[in-house]
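Each chain, written out:
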Amino acid sequence: MTTHKKYFIIILLLLFYSCEESQLLNSESSGTLTPEQAINSSESLCNYLGSAYNSLRDSSCFGGNLWLVSDLLAGDIKYTGQLQSWREIAHYSAGSDNSISNGIWKTMYQAIDKSNYVLQRLVDISMPADSMELLRGQALFIRGLGHFELVRLFSHPWDTTLNMSDVRGIPIRLTSSFSMESASKKTSISSVQETYNQVIKDFSEAITLLDGKIQGSMYANVNAARAMLSKVYFQQNNYDSAFFYADLIVQNRKYTLYDSVQNMYSPNNPDINDEFIFQLKSTSVMDNSSGALQQAYSISHDSLLPDFLPTDQIIALMSDSTDDNRWKHHFNLFINPVNNDSIFCITKFAYPYMSIPVITFSEMVFIRLESAVMINKTGVIREDLEDFYKIMERAYKHYSQQTGNDYLRNLVRLEKRKEFTFQGLRLHEIKRNHTGVDHYSWNDRHLILKIPKNE
Amino acid sequence: MKINTFFIIYPLVIIIHVTTGALLFSQKKTVTGIVTESEYGNRLKGAVVKLKGTNKTKISDEHGFYQIIIPEDATLIFSHPGYESTEINNPGEEQNITLIKIEEQDADLIDKFYADIYQVSENTFKNVITEEEIDLPGYFDFAQGLQGKLTGLNIRQSSGLAGAFSKLTIRGPKTIHLSSSPLVVFNGMPVMLNLYRDNTSSFDAAGGYNPNMLSFVDVASIEKITLLQGSSAAIFGVRGANGVLLINTMDTKTRESRFNVHFSTGISEPLNSFKFIDNQAYINFVDEARKNDQIFNGPHENPAYQGLYGEVDKKSALNNNTDWQNKVLRKGSFSDLHVSYHYGTDTFQIGGNMRLYEHHGPVNNNEQNAVSSNVFFGYKPIQKLETRFNLNFNRERNKHALVSEAGGLGIAQSVALPVYAEDAPDSYFELFTKYHGNVSFNPVRQLKHHSLESKNNSTLLNLQSIYEITSDLNVYLNTGFHYLDNEQQDYKDSLLLDLPSGSQLDRQNLTWQITLNPRYNIVIDDVHSFHYGLFTEFFTTKFQQEQLFASGIDRPLDADPLLQGKEFTNNSKPELILEKLLHEQGFFHTTYPDYSWSLLSFAGTASYNYKNTYSASIGLRADGSTKFGKNNKFAYFPHVRGSWTISNLKSWEIEYIDYLKISSGFSMSGNSSMHTEQQFGIVSTEGRPYNENNTIETKKLPNPDLKWETTWSFDIGLDFIILEKKIAGKIECYHEQTRDIIQHILAPLSSGWESLYLNNGKMCNTGFLFNLQTKNLQGIVNWITSVNFTLNRNRFQNQDEYYQQQELEYSPAIPKNNRPYPAYRIMDFSHISQKNGLPVYQINGKENTNPENMPLSGFMYKGQGYPFAFGSVHNHISYYGFDLGFMFYFSLGNTIYDYAGYYQQTHVNAWNLRKDIYDRWQKPGNYANVPRLTLKNNPYNQYKHSDHFMHDGSYIRLRNLTLGYNIPGNIPERLRLKKIHLFFSIQNLFTLSKFDIYDPEFYHVFDNYTEMNLNPSFFYLEPPQVRTFKFGLNMTF
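Those protein sequence lines, which keep their order, are chains A and B.
Numbered per the working numbering, the first sequence spans residues 1 to 455.
Numbered per the working numbering, the second sequence spans residues 1 to 1037.
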């Protein structure tokens, strides 16, 4: 009988080991792919980077909220809707749990994370050197752009103190968090100085990598990287460097200004593409990059009023000169059917769909001219005025061609403000020029969004 | 593995199973006989026949028959509660025995003996209930019949609808995102409650319905239910943390032909309906609300708010019948016929039963029909081998009443008919339909024109073999197979939709299990006894799901001749033609990915017993599951138990204590009911195109460290039988800590991810269980009382609450550190302002009168979702042929959150308003309980979740009252019957509760574990519970 027992124990032990070694517990997911399976070629890596562009044009980012938040804080627009989180932003009381500001933060970092993943995976996948440089350059551009937009919104402005390495910036994310472990790990918050350094580094590298590659304006390209770098230096009031990169683009003569402000951003206007250095492309109503923007300024069925309206200050400023085409075409008087009040609404983006201009030739013209004025490059100023006057021409019937540095500087700043209304520029100009909004001065903490609490 | 493969493998296994058993043949002595009692010479059921010096036991059947295989020269011990034990040395092959009655039989102690025999738990605890108790009249389904009968098992019925879901919880909640229901083992085969909750479809919550076998199993066929909890459930490893219910159907001991018919029928009536205001009051309130808005907010911009909703004129509004509940609710009825037949000889037993069941619920169109059958076959080809085959087949059809969030009665109370005619072609509901696309909120119409029906087939096949290698080594081999097929039909006709449409959902689940379990006993000098067991199991289950949608059809899809007999599978070729056909007809077809998971387990136990006084056991189980992340493939669960039977000591001299035992256990067990693919990341290759180029998107991170939730439990108990066996009971205290609870953790947003699904949280349950059974009167009148009481204190523990996400947007229920789970995150309501009629909240000791600006710091945490105590008191009195039973059930301490009050009592729109709105603020200076009325559509910014809507959910109710009569003397004999029993019972005769809005027992049904777990006391618009009146007849031939 004892033999029986022995057999049993042996059989059981064999069973145990055979089972443990067998495939019984190996499982594969059904129908879904792991990232390693899905992203295994230069093409799929390219497609993955495509979703980083999608993050940028998400309604939380350039697709809407990034500009809306900036312009609310800058006092150009006001919020009339019911959503608590928007109300908080409009009242300068948004906390670290505000869903709008957290959405900008999260989505921008998603774009950064995707770029990081591309940078990490590039080395594993064999592809021609050109393709690799193209992918690398784009990824670095998106990463730089993300960090730059965030540091401008969530940190104290440049020049708050002499030493910006002491000022709290944002977490610089240079590695992908595509695992539970890395995703739950916090990255320490870098200083503003470090963040700007990283942004400059990324854009500079992107310039090197993208140089000589043919890329449309809907993707990161060498001029976009140059333009962004110029914008970064400009934000730091580093006029020499800002001028240098802006000048490269202006001299290049690759881009031209569109000749009218009417239908400027219309999807049916192919010429505007010549003014865009980098845009987040919309190809159809179904593929609209700027839906949130259109919704914000359009008249909704429920409330019969747009959620966002221009403030009295911006109306006063824009209507100052009645022959300003931008006033004529970007605003519209609306009569409320209930109480017959008349209200000005913003119609600048009122198209069925619209590509988002992230950086344009006209902005480069302004940056180049202002930089030149600031560093007193008289010769250049005269040349550059040509482009500037083109912008003035399309805006006004009549304009003065008076020169003189102070006059020019003020004119350029004023015209830039009018040119880029509701495009998220004003807030950063206030901070750069050390002016203010109402009773908040340029470096007031109310003009800064709060970093989400779980960082 | 494809389902077809299962069909091939399964018969093969059965063949191997039987043949291997037969090969391992060897000789032994079989003793058979009949046990009778001394007083009347009746045959004794449940007598224990034990081979002396071993744990080997057999029990006599209802005819006193027993059979046991023993070595030569062995000694048998015969015992039965209430009778003197008798030892027989070297019994003959046929050994009849008469046990001498020492006093009146103590029926309640039978439990103890069953427990001992099955070695589940060595105590007198109420953890086993037998056939007679389950078969208490007045219940429709399994869970209902169990309520209050097992100590520690909390059962809450979602409603009184036919086929309604019941929530089972043991020792408090232990999880947030996983199933909190116990494992149910049906004839040795684990069957899942909430089968489809992880692969959900919107149908499942509709009608409070839950497709699992237990919702339609034939209650009368169940022979025994055993509840295992804490350390005694630890042997179930990764499936044991929520406790285990072992259910056994028909058994084997019959040695003669027996035929039994059980018939019952009755009616049910809704226990509650809502008290709504009438049309005149509604019209007045609309005017009042508009006036308020003009005073406080200026005129409303939306012209839709100028008259009554839907431009109904007031005159016709006043003429409409607003008592729609009358048209929705009804008296239900049910009937139940159960027929069973048993026959057996020494070498084989057969049995079968069949049940026909029909139930019309308390809401129009709500119906459940079921046919169940059970075939049992026991065969003993040789002395040493015993095989049992059990086939259980159930077929069920359920017509849902659309309730809760899915509509129907819920819809009735949400949109409702304050002033609108329910059937006129140009009524408000028609307009509403046009406004909101293809949605209609008319409850009366919904029930008439929207049908939702599900059909279930369940086939459960079991084969058990016990082979005796030597007298002390036995091997148990068990294989099981369970196939569940669920079809759901949804159809809305042209009165609800412009384009009538329907859908059909088909789901299949197939489970297969094999276990092998050798057990070995050694006894040394009748003093030391050792028991060893090894156990190995392989379990695998697979889900398939597909759905077909169609619009423009004039009847439900299953009734459409075009689609009759068509197979909707992706594999078969004819489907290509069908696909084309479907496309042309405006159909479309979705196949969902198949899911499967497997479990591979090994376990070993060893126990030791010294002179029946001291005993100890240890065990270890290893569970490997395909659900776990690749870094955590195997989970290990140890357990230790020990007991000391003090009354067995030689020195024991206390006369009034007959039995006293202390036992204690410490164990680990687990829960792994996460989604089968939770560990995997998801990458979509079809992201939103950018510049017309394809993109790849990451949707979910992989978690290779994903693992089970672990519960550590410690329990200590005292069993006692005192006062000449008049009182028996058990007290037990336990402490359980669950670790690695899966939670949504907030990631730093700069990772690009918002929340991560990780093993992180902790939860503690500490409790006290008490069970007492007393014989109050004996003699002509017999009166037995049984008391069950369970107390549970629950605390969620997570210091890093920062990382804890608020799980639900709509509900204030939240897991909160050091609070019972779930607690409510709410504002401290102070009063309604006399000045402006808005609510005033207390924030940090100050009154905040501006609800528009409410700081987040104003939230506090209060209340608890689950009751902290519950139990029952059951009395049974018999007098001659009459018997009277009544059971009170109580539940204490849960906090009901009246979401309907929060959501609907604050603003006047097209919804029904409860009469409590009369107590509203009307003008400055008013003291009121309800804020000022408004037409504003969005009161959320003003009216916060607050303790104003919290109610004590405690209640006590007379759950069951039964009067029965056994027809005496020779009447049954003349009718050639053995027994006739008649009974009449009432369920839910009355309820006492402070919650006066509705019935305090409900469970809002959601289609996923997370919401189910978080909202045990979330009150929205629940369908009613019922009071039933039932008459029944039980005959044995």
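Note that these hints are calculated values from the structure, not bench results.
Every value quoted in this text rests on a predicted model; they were computed, and no experiment measured them.
Be careful, since some hints might not be right.
Taking lysine-lysine and the DSS-like style, the derived pairs with C-alpha atoms no more than 25 Å apart in a straight line are [unchecked claim]:
1) B:Lys700 with A:Lys185
2) B:Lys699 with A:Lys281
3) A:Lys185 with B:Lys762
task = Just pull the numbers of the violated hints for me, sorted ascending.
result = Checked against the structure, no hint fails, so every one of them is satisfied.
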